[in-house]
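**Q** Generate the whole structure from the sequences, applying the supplied hints.
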Amino acid sequence: MEDFVLTSIKQTFLNPGSAQNVLKYVEEFNKQQPSAIEQRLENIDEILRENEGKIANLLSIAEEGAGLRSVSVRIRELEEIQEKLEQERRRLLALEPPKLDPKRVAKAVRVFIEDFERTFDELSVMERKEVLKRIVEAILVNREERKVRCYIKPLPIIPNVTDRAQIPSVFQGAASFPVSAQQRFQAKNAIEFQGAARSPNGILERSEIRRSCCSSVGGEPVRLVPTIPTEKCRDAEKRGIVGTRETTKS
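If you use the numbering used here, the sequence shown corresponds to residues 1 to 250, in order.
Calculated from the structure, these hints are not laboratory results.
Okay, the calculated beta carbon distance ranges per label pair:
(1) E117 / Q39: 35 to 43 angstroms
(2) I75 / I157: 43 to 51 angstroms
(3) Q87 / F120: 44 to 52 angstroms
(4) K133 / E86: 34 to 42 angstroms
(5) R143 / E114: 34 to 42 angstroms
Being a predicted model, the structure only gives us computed values, none of them experimental. The beta carbon of each residue, even a glycine, is placed where N, CA and C say it ideally should be.
**A** Put into structure tokens, the structure is as follows:
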């Protein structure tokens, strides 16, 4: 298993097209950064408008002398909310979205992987585990087909280069399918990736996980997810922004 994971990493990042894939991913990442801030600003503006309307209505009620004390308390609460939202709005407007320098990242990734390839055998078990966590997104085990699939992060986590960028996981926010009572019983000792799709094939006994994957991370799997890739995974594969490798399980 360890050899398979290492080969997957090398084939993903040490091939003629790897630099281009990294550049493409960084460009996509940079384009998407402003959208999250813009969406939050729109949300804040909407809440501010709604609260302004509520405050105006409460002032009208107060002028009529109805429930003055409770109305004044509610107005103060809304004004406090407004002030906090205004502060957040000012902070977001001044915030420069995190950007990655494509060429710098591509060079750093290549140096990181080359160093990883050269020094991996000299690392302790715990050091290997930590390094692999920086590179491997997930390992999928399909017991029925006896296949193992390794997902490589689109960008390794590199200190002072990509570590501060919030690189989204292709498994993040995936759909969760219903699990039957029998499946819950089978999954009692299973390790599942939180937020990924659950399915009968995705229920893995802890003993089997250890047999198939523990060598790659020094006693625990890097990260195991159910065996049916989500639409996000498939889309990422098609666009070439996440490396995948598959092998037959012995």
